[in-house]
Amino acid sequence: LFNDPAIIDLPGLIRWPLAKFISARRAPVAKEIYAHMGGRSPLLDMTNDQARALEKKLSAASPDSKVFACMRYWHPMSADVVQVVKSFDPDEIVLLPLYPQFSTTTTGSSITDWKKAAARIGLNKPTFAVCCYPTGQGWVTSAAKGLNEEMARGQNDNIRVLFSAHGLPQNIIDKGDPYQWQVEQSASAIAERAGLAKDRWTICYQSRVGRLQWIGPSLDDEIKRAAQDNVAVCIFPIAFVSEHSETLVELDIEYRDMAADLGIPAYYRAATVGVAEDFISGLAALVENAVAGKKNIGPGDELTCPQDNMCCPNAAEQDRKQL
Numbered sequence: 007l008f009n010d011p012a013i014i015d016l017p018g019l020i021r022w023p024l025a026k027f028i029s030a031r032r033a034p035v036a037k038e039i040y041a042h043m044g045g046r047s048p049l050l051d052m053t054n055d056q057a058r059a060l061e062k063k064l065s066a067a068s069p070d071s072k073v074f075a076c077m078r079y080w081h082p083m084s085a086d087v088v089q090v091v092k093s094f095d096p097d098e099i100v101l102l103p104l105y106p107q108f109s110t111t112t113t114g115s116s117i118t119d120w121k122k123a124a125a126r127i128g129l130n131k132p133t134f135a136v137c138c139y140p141t142g143q144g145w146v147t148s149a150a151k152g153l154n155e156e157m158a159r160g161q162n163d164n165i166r167v168l169f170s171a172h173g174l175p176q177n178i179i180d181k182g183d184p185y186q187w188q189v190e191q192s193a194s195a196i197a198e199r200a201g202l203a204k205d206r207w208t209i210c211y212q213s214r215v216g217r218l219q220w221i222g223p224s225l226d227d228e229i230k231r232a233a234q235d236n237v238a239v240c241i242f243p244i245a246f247v248s249e250h251s252e253t254l255v256e257l258d259i260e261y262r263d264m265a266a267d268l269g270i271p272a273y274y275r276a277a278t279v280g281v282a283e284d285f286i287s288g289l290a291a292l293v294e295n296a297v298a299g300k301k302n303i304g305p306g307d308e309l310t311c312p313q314d315n316m317c318c319p320n321a322a323e324q325d326r327k328q329l
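Take the sequence shown: its position 200, counting from 1, is numbered 206 in my numbering, and each next residue is one higher.
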């Protein structure tokens with residue numbers, strides 16, 4: 007993870023020993039986190055469930071469709087999966103991220119890694135990439151349903167929704183990464199679909215590491231503010247579609263304990279969308295659009311990243327066309 011140039015933008019001779027140092031320091035913390043989850047994360051299992059659900063949906067119209075799960079920092083990684091895909095011998099390949107919002111540190115890094123792995127073994131099939139779907143109908147509908155279901159548990163409580171996303175260092179955003187802007191678009195779309203008034207929700211960020219300035223506000227600060235206002239909170243993990251350490255440990259244990267210590271009236275946490283039918287249908291539509299149009303898929307017909315977000319592949323493509 008920390009040796010990825012998209013995460014730490016330093017020359018390799020500096021990045022590699024720094025990555026080893028950071029990993030060594032974080033190892034005890036990581037062991038404790040995984041102990042809370044029984045020694046392993048459910049992320050790969052949930053990703054495989056999503057792959058099977060998507061394959062079933064796609065096969066209704068295209069019986070020869072095959073979906074492969076590919077992880078970025080643990081097996082099966084790109085180097086493993088390209089071999090399997092080459093043996094399958096597809097006519098076309100669609101790269102579909104399970105990150106609703108694009109970032110150079112997530113989707114961008116994953117697509118680059120796939121392309122390098124494919125080139126190394128001569129996998130030269132036509133390949134199209136889905137950039138993101140921050141306001142995609144299937145994603146937004148599933149998210150809003152899950153949020154409303156969780157909030158219904160506290161129907162008598164005065165609840166503030168905290169849309170919590172994984173944080174990023176501010177300098178990455180300053181270089182043109184569209185992630186923060188896309189998180190804001192997701193939150194607005196989900197809140198509107200869920201019927202939330204503007205004064206009942208806010209956006210915040212979790213999982214900070216190191217001393218750099220990170221985008222904010224932090225989830226810590228928003229929980230403290232909710233305690234001061236004496237309102238209950240419902241956390242919605244807006245950048246995740248599967249359960250893993252940042253939901254099951256950070257949100258369900260660490261922040262729940264923090265909220266209790268601060269005297270927050272009630273603490274709720276909406277589940278990730280997982281294999282929700284609307285979500286899987288939305289993913290299938292993205293894949294089908296990419297194949298039918300023989301093209302990469304951007305944020306959506308009605309959503310275009312601002313031109314200063316030049317790390318967004320869709321915005322960059324538009325700029326090249328203008329030139």
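If you're looking for bench data, these hints aren't it; they were derived computationally from the structure. Incorrect hints may have been included.
Here are the simulated DMTMM-like pairs of lysine to aspartate or glutamate, each with C-alpha atoms no more than 25 Å apart in a straight line [to be verified]:
id : residue 1 : residue 2
1  : Lys230    : Glu260
2  : Lys151    : Asp205
3  : Lys204    : Asp235
Okay, the hints, checked on the actual structure:
Between Lys230 and Glu260 the CA atoms are separated by roughly 14 Å; this keeps the pair inside 25 Å, and the hint holds. Annotation: proposed proximity of Lys151 to Asp205 holds, straight-line Cα distance about 20 Å (limit 25 Å). Between Lys204 and Asp235, the direct Cα distance comes to roughly 16 Å. Compliance with the 25 Å bound is thereby established for this hinted pair.
Every hint, counting from the list given before, is met by this structure.
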